[in-house]
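Single-letter residue listing:
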Amino acid sequence: MQVLIGLRHYGADFVRALRINSVTFILFSLLCSFATAGEVKLYAAASLTDALTELGASYQKTHPGVVIKKSFAGSSTLAKQIENGAPADIFISADNDWGNYLLKRGVLAAESYKKLLGNELVLIAPVASDIKVELDPAFNLAASFNGRLCTGDTASVPVGKYAKQSLVSYGWWEAISPRIVGTEDVRTALAFVERAECNVGIVYKTDAYLSKKVKIAAIFPAASHSPVEYPGALTKNAGQDAKAFWDFLQTDDAKAVFTRYGFTLLY
Amino acid sequence: MLELDIYFKRDDFCLQINTIMDAPITGVLGASGSGKSTMLAIIAGLLKPQQGHILLDGVSLLNTADKVFVPPHERRTGLVFQDGQLLPHLSVRNNLLYGYRNIPPQERRFNIETVVGLLELEPLLERKPGSLSGGEKQRVALGRAVLYSPRLLLLDEPLSALDERLKNQILPFFLRIKSEFKIPMVYVTHSPREIEFLTDRWLSLAKGKLVLQDD
Amino acid sequence: MLTEPEWQALSLSAHVGLWATLVCLLPGIGCGWLLARKQFFAKPAFEALLFMPMVLPPTVPGYLLLVTFGSQGVIGQWLKHNFNIEFVFNWKGAVLASAIIAFPLMVQAVKLSVQMIDRRLEQAASTLGASPLKVWLTVTLPLMLPGILIGLIMVFSRSLGEFGATITFVGNIAGETRTLPLAIYSATHQIGGDAMAIRLIIISLAFAFFALLLSNLLSRRAEKWLGVHRAGT
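Protein chains in written order, with this note's numbering: chain A, 1 to 267; chain B, 1001 to 1215; chain C, 2001 to 2233.
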């Protein structure tokens, strides 16, 4: 009887000790996780969504405790957000204009600034369309399709700006510009063409590759627009984890992923 | 002449009346809760009793056994509420003419000038109900019901919201309606004084049951 | 005084706002009255569905509109085929987006005003020979007027600020769907566009202010017309 009582007391003590220790353990590991867990805020052009998501995921697998927080949008949107204080660690733009814009404003770590990738501009149509396009000023693009042409906003979004340049170079701009739907990023334009709300669109070749619902009607030659270049950099407040991820993006493994998605390498 | 034989039940309240009203003015005396407003609402067609029949001048307004129910807007019974119920967005003139405009011209027994003269409403005609006093509102309500040329005029405590002075001012108008317009009336009140002054015959209503009293 | 794009955005906002108000008028009165007065099967579900645009993030109804009224949508194809009406990428779609988002506001305002109507007034009218339809037209509807006015004002105001559903459903096209909120959005995305954004914001503020002032005056007028003492007060 005494023994049983004794055991019970011991049991109670044991449970209490266990409880106290568990709480301490949890608190301790939470503190540790704050100390070691890193968050990398990556702001990148919408066309990089799939490539960077894959790279982020594989990086997180090999670097537990680091979370890559991705924000994909039109480069114009991102640049404006960063300029107004958005806490980005890494910025990758789809054109040099927006990269230089932030560089001038001193928010980027200039030493890290470099051109990363290249891309091509393509004319797409819904997969069921029978449009035939000739890349020749004599060809009347405006007459070759009904309805609207979807691309990024031609005043601010990189893909839209490139699109305007190409349309101008073929002499098609005047006729087509009233029919253009300017979206806030390239993926929205792609989605509209997939839904056949727009019978024609201008997006990057890498975006067209990803979609089964659109087909490429023409690839704009590089001479018809400014070079499609993706500059990137760390921001001035980027921490160690961000720098580590940035270095990861320079590795051959990362480059291989970009190449697989159809980007050309400029670094 | 009104033949009334009804049974009405709602929640705990039960109204059972079987009577004939054929006097020029029939008074109904009862305290609040006795069922007098309910009775008038049933006669006017605003409430439907579970059982019963109503005959007005030989015309069947209600017969639950034969599934006859004449809707309120077809009964030609004018109802004057305790608080007038004047339409706030219409002028006094348009309130007066509201029912008048709903009956064919050949059935209009009275014209607006006569009624306005009798009820002394001339200075009020272009005003809105919101700017009228209690007594003025009741007179307009009365005039409105009369201009509808009803076969029967139902009055639900028309003076209870007014003070003594106004009551005394308006009471005579009912007699005028009886003598000059000759519209039969059922006058419901809790005031024995009004009953005495106005009515030829009166009944008493208590807890939903009728006790016949004569004068 | 105003540049071409600014004028375009302002007049488009006014145009879309007025049309959205018009679209919401009759259904709003109908639904508001129905919800206030009638009981019917699945009424709670119906009411919940009707008020959903109020609690959903606007991009959700915007996307649903795209799926149903777009060129591949069931209703969109039917309308295109039979009436040659298209919604995506044009102002009609912007009107539809604003109307759907603001509709609950109209219904709510009407419903409240109907609930406040003293039913004895309607009863009095019926004892004076007015058929149910006549009662509705000559008594109920006039007494609903302040509520209807407030509802219309809310629809117009909400549509002035409509962004999420509009940009998702009809895109951001100058002269077609670029209302003031979308124009401000575009301006803030352009290099050097901040000045224009500020001008557009000032225009929006002024527009909203005068719209509300006017509506306030109209509301007071209507209340006055109904008489100083409203039924039930």
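To be clear, the hints were calculated from the coordinates, so they are not data collected in a lab. None of the values given here were measured: they were computed from a predicted structure. Glycine included, every Cβ here is placed at the ideal spot set by N, Cα and C. Some hints here could point you the wrong way.
[Stated by the list, open to error] Pairs of lysine-lysine residues, derived as BS3-like cross-links and limited to a Cα-Cα distance of at most 30 angstroms, are as follows:
1) 1182/B x 2134/C
2) 2080/C x 215/A
3) 1048/B x 2080/C
4) 212/A x 2080/C
5) 1048/B x 2043/C
6) 132/A x 2038/C
7) 1209/B x 2134/C
8) 1009/B x 2038/C
9) 69/A x 114/A
[What the hints assert, rightly or not] Examples of chain C residues lying across from chain A (beta carbon under 10 angstroms, computed):
10) 2004
11) 2070
12) 2071
13) 2075
14) 2079
15) 2089
16) 2157
17) 2174
18) 2175
19) 2176
20) 2186
Structure-based check of all given hints:
{"no.": "1", "hint": "1182/B x 2134/C", "result": "holds (29 angstroms)"}
{"no.": "2", "hint": "2080/C x 215/A", "result": "holds (25 angstroms)"}
{"no.": "3", "hint": "1048/B x 2080/C", "result": "violated (52 angstroms)"}
{"no.": "4", "hint": "212/A x 2080/C", "result": "holds (26 angstroms)"}
{"no.": "5", "hint": "1048/B x 2043/C", "result": "holds (26 angstroms)"}
{"no.": "6", "hint": "132/A x 2038/C", "result": "violated (59 angstroms)"}
{"no.": "7", "hint": "1209/B x 2134/C", "result": "violated (36 angstroms)"}
{"no.": "8", "hint": "1009/B x 2038/C", "result": "holds (23 angstroms)"}
{"no.": "9", "hint": "69/A x 114/A", "result": "holds (21 angstroms)"}
{"no.": "10", "hint": "2004", "result": "violated (14 angstroms)"}
{"no.": "11", "hint": "2070", "result": "holds (6 angstroms)"}
{"no.": "12", "hint": "2071", "result": "holds (6 angstroms)"}
{"no.": "13", "hint": "2075", "result": "violated (14 angstroms)"}
{"no.": "14", "hint": "2079", "result": "violated (14 angstroms)"}
{"no.": "15", "hint": "2089", "result": "holds (6 angstroms)"}
{"no.": "16", "hint": "2157", "result": "violated (25 angstroms)"}
{"no.": "17", "hint": "2174", "result": "holds (8 angstroms)"}
{"no.": "18", "hint": "2175", "result": "holds (8 angstroms)"}
{"no.": "19", "hint": "2176", "result": "holds (9 angstroms)"}
{"no.": "20", "hint": "2186", "result": "holds (7 angstroms)"}
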